[in-house]
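From first to last, the protein sequence lines are chains Z and E.
Each residue of the first sequence is one higher than the one before, starting from 2 at the first, in the working numbering.
Each residue of the second sequence is one higher than the one before, starting from 2 at the first, in the working numbering.
Check the hints yourself; a few may be wrong.
Given that identical chains are not distinguished, each listed pair holds provided it fits within a single copy or across any two copies.
Below, simulated SDA-like cross-link-like pairs (lysine to any residue); rule was C-alpha separation at most 25 Å, straight line [claimed, not checked]:
(1) Lys233 with Thr298
(2) Lys328 with Val268
(3) Lys161 with Thr310
(4) Lys85 with Trp60
(5) Lys161 with Glu357
(6) Lys48 with Arg323
(7) Lys161 with Gln20
(8) Lys161 with Arg323
(9) Lys233 with Pro247
(10) Lys177 with Thr310
(11) Lys48 with Glu84
(12) Lys328 with Pro272
(13) Lys328 with Gly191
(14) Lys328 with Asn397
Derived by calculation from the structure, the hints in this document are not laboratory data.
Protein chains: 2
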Amino acid sequence: MSGNANSNSLQMLAGHVDQDRLWQRHLDMASIGATPLGGVHRLPFSKEDAESRRLFLSWATARGFGTEMDDFGNIFVRREGTEKDLEPVVSGSHSDTQPNGGRFDGIYGVLAAFEALEAIDDAGIPTRRPIEAVIWTAEEADAQFGVGCLGSQAYANPSKLPRLLEIRNNLNIPVKQALAELMEDHLCVGHRAFQSPIAYYVEAHIEQGPELEARGKTIGIVTAIQGHRSFKVQVTGEAGHAGNTPERLRKDALVAAMQIFSELRKVFHDPNDVVRFTVGEMDVVPSAMAVIPGSVTFTIDFRHPDPETLQSLGDRIAVVTRENAGKCDVTVSELRHSSPVVFKGPVPEAILKAVESLDYSYMALPSGAGHDARYIAELAPAGMIFIPCWRGISHNEAESAKLVDMVAGTRVLARTLVELANL
Amino acid sequence: MSGNANSNSLQMLAGHVDQDRLWQRHLDMASIGATPLGGVHRLPFSKEDAESRRLFLSWATARGFGTEMDDFGNIFVRREGTEKDLEPVVSGSHSDTQPNGGRFDGIYGVLAAFEALEAIDDAGIPTRRPIEAVIWTAEEADAQFGVGCLGSQAYANPSKLPRLLEIRNNLNIPVKQALAELMEDHLCVGHRAFQSPIAYYVEAHIEQGPELEARGKTIGIVTAIQGHRSFKVQVTGEAGHAGNTPERLRKDALVAAMQIFSELRKVFHDPNDVVRFTVGEMDVVPSAMAVIPGSVTFTIDFRHPDPETLQSLGDRIAVVTRENAGKCDVTVSELRHSSPVVFKGPVPEAILKAVESLDYSYMALPSGAGHDARYIAELAPAGMIFIPCWRGISHNEAESAKLVDMVAGTRVLARTLVELANL
């Protein structure tokens, strides 16, 4: 293919992204597990989950795309490349939802990938590499099983499989059993081995945060999935009578907790507003109006996309806490430590090139939430495309995205996939 | 009586305070409702309460003192004065306890008054006015009925009686019924009318706070029962995802609550350490590690002995709260407003004179807790004598006082009563 022909057909590609088709597919999917308040309740491994996957496979088959499934139920829909032996470029997300979740989280990434495949096909653009649209199984499993992204974790690192299969939900059903029931349901499709090589991975998703909307940008080029550390701080003072105990003899655990929180907020203050620092729980004991708090427990949720900042700033929590405990005793325990995944190299570069050629407004930003791309990045160069969502609300029936942004994201994705498939 | 004779017999008086008798009476009382952990469980209106009152009356009768009771069960034990028509000097406290309370709270004031009567009698000191030892009924009623000092309230202001009698406890039993059962139990004693005039009222009590012990003083001359205002502050922000929501778009109710608390602590800071300012409850909603707090409710307990400070400083709470709420909404509601009762004039002056003549170390201090003296002060000049209690612990089975301090307080009380009874 010459540079000119390539450039011409690429310019045609955006016009082949069909907004009515894209929207109709969202409506069709949203009808599976629809809630009265306009959301979707399509839990991982549920019969609604199975139904959404059957629908996806039926569209793929009708279109003549190839289909494969691995032993964790991850589904791959394939448009062949001109060089069939090359590793595919893969794009997608998940079709399950949180309990009473929204109509866009996950499924948008699946349908944008599928629409991109159709648009590329409709535009008659050949690519060297195959391009695939994927549904990863049980991304939203954390609400029932306490762990998410099961399918992408299993695919990227099958050594985790024995552990993942034994995790039980709140009804004591193991993943193994739930997965077997889901797989049973499916049509016969080709088999895909875990860890089958992927050339590049691109995931489109609603932002699930307010930045794009707040800054008036259409496309977010995701720089990283931020790292996440969480802590529990226990402050122990001494309960006492609020009327009788003078200030100088008090060991007020809430005063100490407040002082610690206040100093930590100064330490974590970030003029660039990238740091995410939250105290979400604070429990006071004994919690009586006329009793000086004897102990206070609070949590710290700290996230940052930069690995060094995550480490160094997070490590200051214990130090600052001890320095500001006054007359109280403190203990700090770390509950979670997930490193950031940084997206750089060919995928974000291809996204940037696509955005610029399509002339959409954009910004680079980290993802606050976790995604399947976190795990597939262990296997292949990866990146993500965000589109705005209303007020940043997600995991909620009120979740909403504009069709014009959905189309923009799909156009950027399609162009990115072609770019990567010809690398 | 000449000045010299008076001075001589007064010097004898201290020696007539019998520490063994005083201690034995405490042990006898502590055996009624004794708990396994060394405390006393003698709830108002209970059969243990009735038994303690019978015991008190039996001692009085054995000693030949007169006894009277009013229609709320308040018991008066009288040593006559040389001028019988003069209004009596009254001293005492209560014999009931908090649930699993201590062996000194209340009963010490009753037994010190009775010991003072006996010591004055033993010393053969005539006084112009009668001197009486009193048990006020149901001082500790707040734990079951939500209101305390029922007997002294009724005596000082019988217009409250219809309301007080209708208050129900946590078993839905009205005061009226509980009181009728208590009264039934008693021996026939003389009748005392509510609001019968009192010349002066003196109440001895353990401090129930740590000041005397901390400062190494034996006697506290109580300047006031401090005023008490309490508030509920509701801070409303917006819940949001801890990973996705940037600082500048947050309305974090806990951050606002912390800022308000911090500024209020500055406003309420008192170099003299008289102000009592406590946040004892703080409830965070939704209280999840990864969710920015959407609302926070906290309480403020503020006490001060000076009426003007109680008013002006308390009134700043709403202002400071609003000024420091940031992007959150706040509402402040006042739950309680009790004015201070200031003790000045003849009673604290007589206490001071007694302490100085006995050469005990002392300090002036306000009372953090409420006492019957609060209400009797509406009827007569009043004052209180505090003795140290271990670590300020009270309303607790671990409550403890030293016999040497109990004797000192009783000596001061006896001398004060003689002084006032000759005014």
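Each hint, compared with the structure:
Within a single copy, Lys233 and Thr298 get their C-alpha atoms as close as 7 Å, and across copies as close as 21 Å, so both meet the 25 Å cut-off. For the homomeric pair Lys328 and Val268, the shortest alpha-carbon distances inside one copy (21 Å) and between copies (21 Å) are both at most 25 Å. Taking the shortest alpha-carbon separations for Lys161 and Thr310, neither the intra-copy value of 28 Å nor the inter-copy value of 66 Å comes in at or below 25 Å. Taking the shortest alpha-carbon separations for Lys85 and Trp60, only the intra-copy value of 22 Å comes in at or below 25 Å, while the best inter-copy value is 108 Å.
When the C-alpha separation of Lys161 and Glu357 is checked against a cutoff of 25 Å, the pair qualifies neither within a copy, at 40 Å, nor between copies, at 81 Å. Neither within a single protomer nor between protomers do Lys48 and Arg323 lie at most 25 Å apart by alpha-carbon distance, with minima of 51 Å and 51 Å respectively. Neither within a single protomer nor between protomers do Lys161 and Gln20 lie at most 25 Å apart by alpha-carbon distance, with minima of 39 Å and 77 Å respectively. In this assembly of identical chains, the alpha carbons of Lys161 and Arg323 never lie at most 25 Å apart, being 37 Å within a copy and 53 Å across copies at closest.
Taking the shortest Cα distances, Lys233 and Pro247 sit within 25 Å of each other only across copies (22 Å), while inside one copy they are farther apart (29 Å). Taking identical chains as interchangeable, the C-alpha atoms of Lys177 and Thr310 are never at most 25 Å apart, the minima being 38 Å within one chain and 68 Å between chains. For a Cα distance limit of 25 Å, the shortest separation of Lys48 from Glu84 qualifies neither inside one copy, at 38 Å, nor across copies, at 96 Å. In the homo-oligomer, the alpha carbons of Lys328 and Pro272 lie at most 25 Å apart only across protomers (18 Å), although the nearest pairing inside one protomer, at 32 Å, exceeds that limit.
In the homo-oligomer, the alpha carbons of Lys328 and Gly191 never lie at most 25 Å apart, since the shortest distance is 66 Å inside one protomer and 56 Å across protomers. Within a single copy, Lys328 and Asn397 get their C-alpha atoms only as close as 43 Å, which misses the 25 Å cut-off; across copies the closest is 24 Å, which meets it.
Hint compliance for this structure: hints 3, 5, 6, 7, 8, 10, 11, 13 are not met, and every other hint is.
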